[in-house]
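Peer 1: Sequence:
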Amino acid sequence: MEVGQLGIITDPIWAFPVTQRRCSAPALSGSNCMRRYFFDQREGDEMIPDEQGIDLVSIEAMLHEATLALAHLAKDEIRLCTIDAPARRLAINVRDEDGSVLRATFTFEIRRFQ
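Residue numbering for the sequence shown follows the numbering used here, starting at 1 and increasing by one per position.
Hints are supplied without guarantee of correctness; some may be wrong.
[As the list claims (entries may be wrong)] Restraint ranges, calculated between C-beta atoms of paired labels, are given here: (1) 51 <-> 102: 41 to 51 Å; (2) 114 <-> 68: 13 to 23 Å; (3) 47 <-> 110: 18 to 28 Å; (4) 85 <-> 36: 13 to 23 Å; (5) 46 <-> 97: 31 to 41 Å; (6) 55 <-> 114: 46 to 56 Å.
[What the hints assert, rightly or not] With a cut-off of at most 25 Å between alpha-carbon atoms, the simulated DMTMM-like pairs for lysine to aspartate or glutamate come out as follows: (7) 75 <-> 65; (8) 75 <-> 50; (9) 75 <-> 60; (10) 75 <-> 46; (11) 75 <-> 51; (12) 75 <-> 43; (13) 75 <-> 98; (14) 75 <-> 97; (15) 75 <-> 109.
Don't read these hints as lab results, they were simulated from the structure.
Treat the numbers as computed from the prediction; the structure is a model and nothing was measured.
Beta carbons are placed, not taken as given, at the ideal position from N, Cα and C, and that holds for glycine.
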């Protein structure tokens, strides 16, 4: 199994037998048990839950995924922002099987100087 710099598996996961893909499987040499994280999107008052989640081997990998997800959301929202409109508030709420882990937020606003 090849693990990249941030702890993200770079090999296709289906290339491994099921006994190596599960946290209950015997540990591979130098590997960590993966946790499934869910990245729920929040745009204003609207919440879009992540029903699938993604297996990651480290907190660093989870932070990286949360950052990428928020940047992707922000890229689309910035185009919708107009002068003096209410601020656009976005968030990625990360949770695992045990509950909430963290929230990454982004607020974008354009105001005219008077």
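Peer 1: Now look at each hint and say whether the structure bears it out.
Peer 2: Do the hints match the structure? See the list:
1. For the pair residue 51 and residue 102, the beta carbons lie near 19 Å from each other, so the given range of 41 to 51 Å is not met.
2. For residue 114 and residue 68, the Cβ-Cβ distance of about 37 Å falls outside the hinted range of 13 to 23 Å, so the restraint is violated.
3. Between residue 47 and residue 110, the C-beta spacing of about 25 Å keeps the proposed range 18 to 28 Å intact.
4. Distance hint check for residue 85 and residue 36: the Cβ-Cβ separation is about 37 Å, which falls outside the suggested range of 13 to 23 Å.
5. Roughly 24 Å separates the CB atoms of residue 46 and residue 97, a value that falls outside the hinted 31 to 41 Å.
6. Hint check: residue 55 to residue 114, Cβ distance near 51 Å, so the stated range 46 to 56 Å holds.
7. Of the pairs offered as hints, the one joining residue 75 and residue 65 holds, with about 15 Å between alpha carbons and a cut-off of 25 Å not exceeded.
8. Distance check on the hinted pair: residue 75 and residue 50 sit about 19 Å apart at the alpha-carbon level, within 25 Å; holds.
9. Of the pairs offered as hints, the one joining residue 75 and residue 60 holds, with about 22 Å between alpha carbons and a cut-off of 25 Å not exceeded.
10. Between the alpha carbons of residue 75 and residue 46 the distance comes to roughly 18 Å, so the proposed pair stays at or under 25 Å and holds.
11. Taken as a hint, the residue 75 and residue 51 pair is honoured in the structure, with Cα atoms around 23 Å apart against an allowance of 25 Å.
12. For the hint pairing residue 75 with residue 43, the CA-to-CA distance comes to about 13 Å; that is within 25 Å, so the pair holds.
13. Simply put, residue 75 and residue 98 have alpha-carbon atoms about 30 Å apart, too far for the 25 Å limit, and the pair is violated.
14. Of the pairs offered as hints, the one joining residue 75 and residue 97 is violated, with about 29 Å between alpha carbons and a cut-off of 25 Å exceeded.
15. Restraint check: the Cα-Cα separation between residue 75 and residue 109 comes to about 13 Å, which is no more than 25 Å; the hinted pair holds.
Going down the numbered hints, you'll see the structure goes against 1, 2, 4, 5, 13 and 14, while the others check out.
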